[in-house]
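A.B. asks: Now for the letters of each chain:
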Amino acid sequence: DTAVSQTPKYLVTQMGNDKSIKCEQNLGHDTMYWYKQDSKKFLKIMFSYNNKELIINETVPNRFSPKSPDKAHLNLHINSLELGDSAVYFCASTGGVPTGELFFGEGSRLTVL
Amino acid sequence: DAKTTQPNSMESNEEEPVHLPCNHSTISGTDYIHWYRQLPSQGPEYVIHGLTSNVNNRMASLAIAEDRKSSTLILHRATLRDAAVYYCILLGNYGGSQGNLIFGKGTKLSVKP
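So the sequence lines, in the order shown, correspond to chains A and B. Letter by letter, the first sequence follows residues 665 to 777 in our numbering. Letter by letter, the second sequence follows residues 401 to 513 in our numbering.
Derived from the structure by calculation, the hints contain no laboratory data. Mixed in with the good hints, there may be bad ones.
As a list, the in silico BS3-like pairs of lysine-lysine whose alpha-carbon atoms are at most 25 Å apart [said to hold, decoys possible]:
no., chain 1, residue 1, chain 2, residue 2
1, B, Lys505, A, Lys700
2, B, Lys505, B, Lys403
3, A, Lys686, A, Lys716
4, A, Lys735, A, Lys683
5, A, Lys704, B, Lys505
6, A, Lys673, A, Lys686
7, B, Lys403, B, Lys508
8, A, Lys708, B, Lys403
9, B, Lys508, A, Lys705
10, B, Lys505, A, Lys705
11, A, Lys708, B, Lys505
12, A, Lys731, A, Lys716
13, A, Lys686, A, Lys704
14, A, Lys708, B, Lys508
Note that the coordinates shown come from a computational prediction; the quantities given were computed from them, not determined experimentally.
Please model the entire structure based on the sequences and the hints provided.
C.D. replies: Here's what the structure looks like:
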């Protein structure tokens, strides 16, 4: 069983479209994250949710809206996609830091044309 | 979260030990030292973490300097599968609030057969 799963793995879309990436974890963790890895391979946190509540919201355009219907799911919705949104998006979860570890999904590669 | 400094790249031969250094001279007393790695086309993967004492697990060992201003990740016998980017990250204990992993550039480890 995959601990943190993301769908879709690949997403190709046109500028201006709206798209969503889904994330589910079956580890019973309270905290989930979205990270973005750009073409230069820098990994940067976007959002953190703890028990369905937003904890961290880094400087991310408000076109990006995370939604957590329950603590096992954290979805990422992106409106009005731009070329610069092309990246790999990783979902992660943890039972608690700093003493615990983060579990990452395999990533969702978004390409905006 | 305090900053870390790692070499951009390192090379190793298969089945030899690898010592990956990390400097964190501004570490605070409550910062944990975490190591993650990212294999090509995969999400980051937890390797090991520690606070003050050296740590061992099935993947690696973590040697922490007495003053905690540096640490070394030790892979005892490198395999081709260990070729990855290794990230050294400091994570503070915020007493209940959820910190986030701040990824630097990491060290790209190449393993030669």
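A.B. asks: Give a verdict on every hint.
C.D. replies: Against the structure, the hints:
About 14 Å separates the Cα atoms of Lys505 of chain B and Lys700 of chain A, which keeps this hinted pair within 25 Å; it holds. For the given pair, Lys505 of chain B sits about 11 Å from Lys403 of chain B by alpha-carbon distance, which is consistent with the 25 Å threshold. As the CA atoms of Lys686 of chain A and Lys716 of chain A are separated by approximately 15 Å, the hinted pair is consistent with the 25 Å bound. The suggested pairing of Lys735 of chain A with Lys683 of chain A holds, with an alpha-carbon distance near 21 Å, which does not exceed 25 Å.
The straight-line distance between the Cα atoms of Lys704 of chain A and Lys505 of chain B is roughly 10 Å, inside the 25 Å bound, and the hint therefore holds. Distance check on the hinted pair: Lys673 of chain A and Lys686 of chain A sit about 10 Å apart at the alpha-carbon level, within 25 Å; holds. A threshold of 25 Å between alpha carbons decides the hint, and for Lys403 of chain B with Lys508 of chain B the separation of about 18 Å falls inside it, so the pair holds. Restraint check for Lys708 of chain A and Lys403 of chain B: the C-alpha separation of about 14 Å stays at or below 25 Å, so the hint holds.
Between the alpha carbons of Lys508 of chain B and Lys705 of chain A the distance comes to roughly 12 Å, so the proposed pair stays at or under 25 Å and holds. Taking the CA atoms of Lys505 of chain B and Lys705 of chain A, the gap is about 8 Å. The hint holds against a cut of 25 Å. Distance restraint check for Lys708 of chain A and Lys505 of chain B: the Cα-Cα separation of roughly 11 Å lies within the 25 Å cut-off, and the hinted pair is therefore satisfied. Pair hint Lys731 of chain A plus Lys716 of chain A holds up; C-alpha atoms about 8 Å apart against a cutoff of 25 Å.
Of the pairs offered as hints, the one joining Lys686 of chain A and Lys704 of chain A holds, with about 24 Å between alpha carbons and a cut-off of 25 Å not exceeded. For the given pair, Lys708 of chain A sits about 18 Å from Lys508 of chain B by alpha-carbon distance, which is consistent with the 25 Å threshold.
Checked against the numbered hints above, the structure breaks none of them.
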